[in-house]
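Visitor: Assemble chains R and X onto chain L, guided by the hints.
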Amino acid sequence: MEEDAMEEEDAMEEVAAGDFNVGLTYDIGGRGDQSFNDSAAAGLDRAKAEIGVTGSEAEPNADGSDRAQLLQLQADNSALVIAVGFLFAGDVAAVAAENPEVNFAVVDDAMLDFDNGGVPIGDNIAGLTFAEEQGSFLVGAAAALKSETGTLGFIGGVGGFGLIEKFEDGFTAGAQAVNPDIVVIPQYITVAPDFDGFFAADRAQEIALTMYDQGADIIYHAAGGSGAGLFEAAKSRSESSGSQVWAIGVDSDQYNTAGADFQPYILTSMLKRVDVSVFEITNAQAAGTFTAGNTVYDLSVDGVGYSTTGGYLDDIVDQLEAFKAQIIAGEIEVPTAPAG
Amino acid sequence: MTAWKTLPAWARWAGIAAIGVFVLAVVQQVSGTTLLTSPNASGGMLRWSMPILLAGLGGLFSERVGVVNIGLEGMMILGTWCGAMGAFEFGPWGGLLCGLIGGALGGLLHAVATVQFGVDHIISGVAINILAPGLARFLSDRFFPQRGGSISQSPPVDGIGDFTVPVLSDAFAAVDDLDLFFISDVAGLLEGAVTDLRWFTLLGLLMVPFSAWLLFKTRIGLRMRICGENPKAGESLGVSIYGHKYLGVIISGAFAGLAGAFIVIELTGLYRGGQTNGRGFIALAALIFGNWRAGGVMAGAMLFGYPFAISLSDFDASGSGIATRALLLLVVVGLTAFAVYAYRRDGGLGAPASVTDAELSADLERGLTESYVRSVQGFARWGNSALAGGLAIIILAWYLLTERAADWVPNTMPYALVLIVLVFASQSLKMPAAIGQPFRKGET
Amino acid sequence: MNTPLLRRVLLALAAPALAAAFALFVSSIVLALSGSSWIDTYSEMLSNASKLETMVDILNRATPLYIAGVAVAIGFKMNLFNIGVEGQYVLASFMAAWVGASVVLPGPLHVGLILLTAMVVGGAWAGLAGLLKVTRGVNEVIATIMLNFIAIGGIIAALLPRAIEDPTAANQGTAVIAESGWLPNLNGILELVTREITKGRRLSGMFLIAIILGVAYHVIVNRSRFGFDLRSSGMNPMAARAGGVPPKRMILVAMLASGAVAGLIGMPEILSDSHSYDQGFVRGLGFAGIAVALLGRNTAPGMAIAALLFGFLDTSSAPLQVTGTASPEIVVIMQATILLTAVIAYEVVNRIRQTDEVRRAAQATESADPAADVATAGASA
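Chains as they are written, first to last, in this note's numbering: chain L, 677 to 1016; chain R, -18 to 425; chain X, -1 to 379.
The shape of chain L in the complex, shown without the other chains (with noise of 0.2 angstroms):
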């Protein structure tokens, strides 16, 4: 329902015409991860049908290896080439330079030259980030509302390298903000270098029953893949204790990608908007808007948000849109940097 609101409210901005390609280059794992590639595969295919582009879509080869080659196939064929992660970012800097007629955009990373004072690294070179500790703000918010035992679960999937950490400190932040005294119960599942930690579904549910065995009530996860292991930890233990726990999903609206199944534990999704990015940058392309450097997709443009899809926060909405309209107001100030 809140999707559909976001998606009418889009289409009453101005769309162009383009009849170029868009080389869509996601990261290892590519199409079909229900979350953060499917999100920007589903901007694509906006643009696809309501711009009138053509599309490419690749991933590299399962060891990451040929992501700068790549991009320049892309490169060859496209007007606009998006890559889809952080990881993209040195490459895309170097076929960028040498591709000097064809846009590239970079999900998840600013592409600013910070020793130079922040200015974009190239004239052709966009960054896509997103505020997600805003929108996890509010569906820490949403938790502790809806909290009955005091204490909450966060899931990350890989510590050690900053970004999920974020997503930690927003939620922390929301359910502070409604209750001081509520207990948040943090735990990553591997630490950097070891990313299996976005693929451990198996090891994601036993932490989220032991959290639920220390009292938590609701869990939310940024853990990419391992997420199908909280659901079915929520079911699970809802089922056989008899009362009710839940999960929070993430990037995309896992209520309507998880599984019928799972349904009814899935409180809210912490939404991370890169099909808005990657449609709308595909629209000021189309336009002849590009502009070099970073777009922040936050909660003023909603880039980020929470999910209402099964109607389980609708008597809070409403504390949720005011706590939204303090963060855009800048009443409340989400941390963004990770502690230490």
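It should be emphasised that the hints constitute simulated quantities derived from the structure, not laboratory data.
For clarity, every value in this text was computed on a predicted model and none was experimentally measured.
For glycine and all other residues, C-beta sits at the position ideal for the given N, C-alpha and C.
One or more hints might be untrue.
To be verified - Which bits of chain R does chain L cover? Going by a derived footprint, with three or more residues having C-beta under 8 angstroms, they are: (1) 132 to 142; (2) 244 to 250; (3) 288 to 301; (4) 387 to 394.
Guide: Then chains R and X, alone, in the frame of chain L:
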């Protein structure tokens, strides 16, 4: 000591288990945690050791017929994919069966390559490990999107379910709640084992005595083992070496497939690329650790499962790593006990000489001084206990200097433990004699 | 004697040809099943590979694969299965990148220091497994598997936070090495015989080092006393010991050498590409190296061909996707099929060759000594 030896086997095992739990109880008391003997620890250990146990039993059958199976990982991957597909189409039991068949097909491929064509076992295994993930991903792309999955994951599937032993579970829980030293610890661990026990886990546990019986008590088991010990002698006795080797390797793949199906059906509830996570290789380690015996494989699997299960519940709002740190102390106790044992075993009078007289005189001829040879001999006598004692001191210092184990410790500890155990136990392990050797029909 | 020679040459060519044909056959079936045109797929792969820029890609990809193959093959020659090449090169690359980023030295010295660090770390990590084997009898397969997990999940995870340059960056890793620590590329040399290389492709200087390594490997293994000892210990440790070669020392030396070469696998990335160890560091080359060594039969030229073949297949996955011709998984399936059929074909050809030899030897000695028939048959078994 003599009284100990007159006890029946079950009583000795119970005694050892009691000593083990007692040590656990002391260690966790000292370290300020209750996790080591919690129901979570034993229940989690059973769940987490199961894929390693099943794949390890697979390795057992293969290596007992003389075929090294480094392709367990790939066969497990086939098991996960087929398990998910089967569970989605035919329900969880169908998933179990399909996983088994998928793994067995991988085993068949390995058998064709190694037994029929005499390809080096490692080479064939590596090829299977490369083939399986690519094939699984390709098949996922073909079959999962229209079923609500994708190229990298299957739609969710149901587990077989679990059961709780009615009276026992509550009784153990009640005793656990009494918080009595040792007694409640024993009850806590037993509670975890009889509460929410999955049918699949029970099946896996039953596979241990079944495998031991099949291999060591039956005629077909004897024939299979002769393929791994002395195939030529077996052939002269009229045993079909090829047939039994095929059988062993296919059973091996079937077990690996079961391990994969367990991961999909019981642990994650769906297939996902990369979810076997190297457990096929760990199963090989458990096999060697277990001295090529079913019970030993189980011990090895638990050695991996226990710290892993602990680490997954070793956190609270204040942080993580307290119980994992306690495991360090457990390692110290184990190493110290071994150091004392090795001191008495190797250091006492009448200990077997580490170099034979012939070797000694050969060494003297090569110009080595006798004192050097003696010191080498001395090291052989004292080395084990000195090494174990030294390691114990280092780990004890680590334990004392930290308050929580760092977040990388739990993911590393099982591997380091296996390495330490192998350092002290490798020399007393006995692998099948003809393992890895090619065998060709009718050759002399 | 002409016929046996021809037969020998044909047999030598038969195995790889058979494997390639069978792999093409299997891949075509898979392609047909998945609804892709196999003609389009193969022609796209070939037309892509015929571009100069793609050739540079193939060489750049083949370089680390080849080095990895050599590292594995050194172990194989000694009958050691160093499955730990993976952990050795990742750990070595991390340490080398860290050390390289911490200092600034004149060009050749800086590069030399990074290479030396990588070889020492890789050698030490493999040497540990060797030491455990010779002193404690620990099976090297298990030891190196465990050491892989410990290196990546333990040591690097513990040290990475200290090595990270900028904790706020999305892609965290060690600092970028100063330009004095970059290896010059070989475009200038290559362009002597080709047109100008465009699109930012640079042939890594490590390509030259890999060639030197390959020649050195070939000469040492086949022409030196050390190589002879290595091979004889690998084939029969008892006999080698009787001949004065201590097998324990050979095991240790082989593991050290294998690990030192393994340390070089990550150097194309550290010295010529990203110049740092970050989250995008390419892992898995150690396992790929096993495939290269197996396919190349542990010989320098064989592994070179295998590395180029795998490099070609790997670089095909991108154009197949971008043009929408076929699923990139076809590439992995082809690699595995080639590997599996090649090893089987080698084995079959080997048996035919052995039977030939037995028969020929028997014919040659039949008139002279009737007993030799039995002796040769026994020796070849």
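Visitor: Indicate, hint by hint, whether the structure satisfies it.
Guide: Now for the hints, and whether the structure bears them out:
| no. | hint | result |
| --- | --- | --- |
| 1 | 132 to 142 | holds (count 5) |
| 2 | 244 to 250 | holds (count 4) |
| 3 | 288 to 301 | holds (count 7) |
| 4 | 387 to 394 | holds (count 3) |
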